[in-house]
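Please take these sequences and the hints and turn them into a complete structure.
As you go down the protein sequences, you meet chains A and B in turn.
Count along the first sequence from 1, then add 397; that gives the number in this note's numbering.
Count along the second sequence from 1, then add 397; that gives the number in this note's numbering.
One should not assume that every hint holds.
Note: identical chains are not told apart, hence a pair may lie in one copy or across any two.
[To be verified] Computed list of lysine to any residue pairs in SDA-like fashion (alpha-carbon distance at most 20 Å, straight line):
| hint | residue 1 | residue 2 |
| --- | --- | --- |
| 1 | Lys491 | Ser501 |
| 2 | Lys491 | Gly504 |
| 3 | Lys651 | Tyr680 |
| 4 | Lys444 | Thr406 |
Hints are computed from structural coordinates only; laboratory data are not their basis.
Protein chains: 2
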Amino acid sequence: MKKELSAPTMKDVAREAGVALGTVSKVVNGLPVGEPYKRRVEEAIQKLNYQVNSYAQGLKASRTHTIALLIPNTVEPFFASLVYHINLALLRRKYRMLLCSTDSDPGMEQEYIDMARQNKVDGIIGLTYNPNLKIEEGTPFIAIDRSMGPKISCVTSDNFAGGQLAAEKLADLGCKNVAFLRIGSSLTNEPNKRKAGFENGCLSRGLHYEMKILNDGDPYEEFEAFLTEHIQDGKLSFDGIFCVTDHLAYEILKTLRRLNQRVPEDVQVIGFDGTRHFGSLEYTCSTIVQPVSEIAEMCVELLLQENAPVKPPLICLPVSYAYGGTTLEERN
Amino acid sequence: MKKELSAPTMKDVAREAGVALGTVSKVVNGLPVGEPYKRRVEEAIQKLNYQVNSYAQGLKASRTHTIALLIPNTVEPFFASLVYHINLALLRRKYRMLLCSTDSDPGMEQEYIDMARQNKVDGIIGLTYNPNLKIEEGTPFIAIDRSMGPKISCVTSDNFAGGQLAAEKLADLGCKNVAFLRIGSSLTNEPNKRKAGFENGCLSRGLHYEMKILNDGDPYEEFEAFLTEHIQDGKLSFDGIFCVTDHLAYEILKTLRRLNQRVPEDVQVIGFDGTRHFGSLEYTCSTIVQPVSEIAEMCVELLLQENAPVKPPLICLPVSYAYGGTTLEERN
Numbered sequence: 398m399k400k401e402l403s404a405p406t407m408k409d410v411a412r413e414a415g416v417a418l419g420t421v422s423k424v425v426n427g428l429p430v431g432e433p434y435k436r437r438v439e440e441a442i443q444k445l446n447y448q449v450n451s452y453a454q455g456l457k458a459s460r461t462h463t464i465a466l467l468i469p470n471t472v473e474p475f476f477a478s479l480v481y482h483i484n485l486a487l488l489r490r491k492y493r494m495l496l497c498s499t500d501s502d503p504g505m506e507q508e509y510i511d512m513a514r515q516n517k518v519d520g521i522i523g524l525t526y527n528p529n530l531k532i533e534e535g536t537p538f539i540a541i542d543r544s545m546g547p548k549i550s551c552v553t554s555d556n557f558a559g560g561q562l563a564a565e566k567l568a569d570l571g572c573k574n575v576a577f578l579r580i581g582s583s584l585t586n587e588p589n590k591r592k593a594g595f596e597n598g599c600l601s602r603g604l605h606y607e608m609k610i611l612n613d614g615d616p617y618e619e620f621e622a623f624l625t626e627h628i629q630d631g632k633l634s635f636d637g638i639f640c641v642t643d644h645l646a647y648e649i650l651k652t653l654r655r656l657n658q659r660v661p662e663d664v665q666v667i668g669f670d671g672t673r674h675f676g677s678l679e680y681t682c683s684t685i686v687q688p689v690s691e692i693a694e695m696c697v698e699l700l701l702q703e704n705a706p707v708k709p710p711l712i713c714l715p716v717s718y719a720y721g722g723t724t725l726e727e728r729n
Numbered sequence: 398m399k400k401e402l403s404a405p406t407m408k409d410v411a412r413e414a415g416v417a418l419g420t421v422s423k424v425v426n427g428l429p430v431g432e433p434y435k436r437r438v439e440e441a442i443q444k445l446n447y448q449v450n451s452y453a454q455g456l457k458a459s460r461t462h463t464i465a466l467l468i469p470n471t472v473e474p475f476f477a478s479l480v481y482h483i484n485l486a487l488l489r490r491k492y493r494m495l496l497c498s499t500d501s502d503p504g505m506e507q508e509y510i511d512m513a514r515q516n517k518v519d520g521i522i523g524l525t526y527n528p529n530l531k532i533e534e535g536t537p538f539i540a541i542d543r544s545m546g547p548k549i550s551c552v553t554s555d556n557f558a559g560g561q562l563a564a565e566k567l568a569d570l571g572c573k574n575v576a577f578l579r580i581g582s583s584l585t586n587e588p589n590k591r592k593a594g595f596e597n598g599c600l601s602r603g604l605h606y607e608m609k610i611l612n613d614g615d616p617y618e619e620f621e622a623f624l625t626e627h628i629q630d631g632k633l634s635f636d637g638i639f640c641v642t643d644h645l646a647y648e649i650l651k652t653l654r655r656l657n658q659r660v661p662e663d664v665q666v667i668g669f670d671g672t673r674h675f676g677s678l679e680y681t682c683s684t685i686v687q688p689v690s691e692i693a694e695m696c697v698e699l700l701l702q703e704n705a706p707v708k709p710p711l712i713c714l715p716v717s718y719a720y721g722g723t724t725l726e727e728r729n
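In structure tokens form, the structure reads like this:
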């Protein structure tokens, strides 16, 4: 046998085994082939030292080079940013992206998952709070922010560390008595860890803290009532507030103005997400920044590495703090 | 012949003509078929009173039920909103949408247009400022905001009327001496008509006006210099400013704060787009609202009506004014 200078190709295997190219393809993809042919192909693979990875990827016949992204909408800034970065990460790899905004019709999510089962798309990246979604084992699916099962990788920010960082920042900036405000899905999901991280940070730094937790659909007025209860002689007892999202922080800043509390002089506010005005200008508030572009890259990499021996169940990416006008500026 | 209760189907034609379903399909799509078969199918079509539209659409063999959307990015709020509404308009019609964010790589736009030529997608909706784009006649393409040629429909807001409305509003709200500020592409495009509309409105309402026009890439500081030149004894000579976008209005509001000008007491500001905080909350400034959901519906309708006898070259949809805190409130 002549010495191979480059990695052997499927053609080399076919030549070595004395079979047609299609036969090699069938063997590699586990399709039925007569036993003698199968043995010859397997022997040739061994002899030429084929790497399963390289040929399995090249041969998969049903490759569409299309990925579907399921996301509630594109107008919430965090979602808009995810869509943009996932789109760029896919286009850079010559993949096309089908977009499916799902919040007006959650039933559509199942259709796209079925498309992946039928190889009409190569895989799905999904941020969904639909508890009824059925994803069969083996479906190429990467979840964002909410685990869809033990065999499906979920990519998220390190929400626990983010909550902890918010508490530590407020402590560093001189706060003593802080509040955590949260509104969101009641389903188990990764962003819920912001609360636990914040509590942990408060305890380790000796901050007194209170919590007000609402579920999606509850009236915002409950936050105003909660804050009003904590005002005595015109003064809010909290000197720091951590809001579960920048969106909530934006609403709370309005509430604080109505209650005649100055930000950041009377009370400092930190949000979560890293939202920027008009998508590119300064931060809408002081915030724990989610690494959106890294989340996007990670989702795409994990989805396309289909032969990876192990799928990590949960990947948490590091967050950072950014000043956005609603905290005191740090003196360095 | 039995009375048909519902619209006749292709199967009914096949039965009536005594031919196979595929033969009807070929005749309808103009593919070669033996003359006697062709005649029988045509007679059956006439007898059953088939509507060409209904069967031609259902039979087109190359239909992918996929549309591509080309848009600079998804993080500018106006683009994010367009993506969302076009996505919903397509999904509602059981179409899939490929998304291609183009501002990082304009070369990709041509690839998607070529896909449409090759029937890999059914058509394109594109908002692009790429002057080198080649779109052959007959390519199913709907443009937004910039005409791509006489045979390609362009959907846009009524930008001229929007500029005019801004001038009229400022006049109604008591302004006498106003300014128009613009930064954007130097290419011919529909949003440029905002300027002409504004001038027209100023002239008809007897407003004194000045203009400051920058091109993409020019430094924003030129606006600050322009406004500073118009301050005497701490007082800005303009009592109203129309900004070509809400994004620019947002920047100008910051500039005015730095220059110690109160909004709306000293100077009223109107933007253009209808941007809302976090995509769904109140307007970021007083603004001329683009009818984004109507633009989305119109683009999708025009693209899918492939049998329409006439393609309108330019469709301008009506805008409206919305109060967003940077003008005086109207007393009714």
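When no copy is specified for Lys491 and Gly504, does a C-alpha distance of 20 Å or less occur within a copy, between copies, both, or neither? between (29 Å within a copy, 12 Å between copies)
Within a copy, between copies, both or neither: where do Lys651 and Tyr680 come within 20 Å Cα-Cα? both (16 Å within a copy, 14 Å between copies)
Could you figure out if Lys491 and Ser501 sit no more than 20 Å apart (CA to CA) within one copy, between two copies, both or neither? between (30 Å within a copy, 14 Å between copies)
Given identical chains, is Lys444 near Thr406, meaning Cα to Cα at most 20 Å, within a copy, between copies, both, or neither? within (13 Å within a copy, 59 Å between copies)
Consistency with the previously given hints is maintained throughout, with no hint failing.
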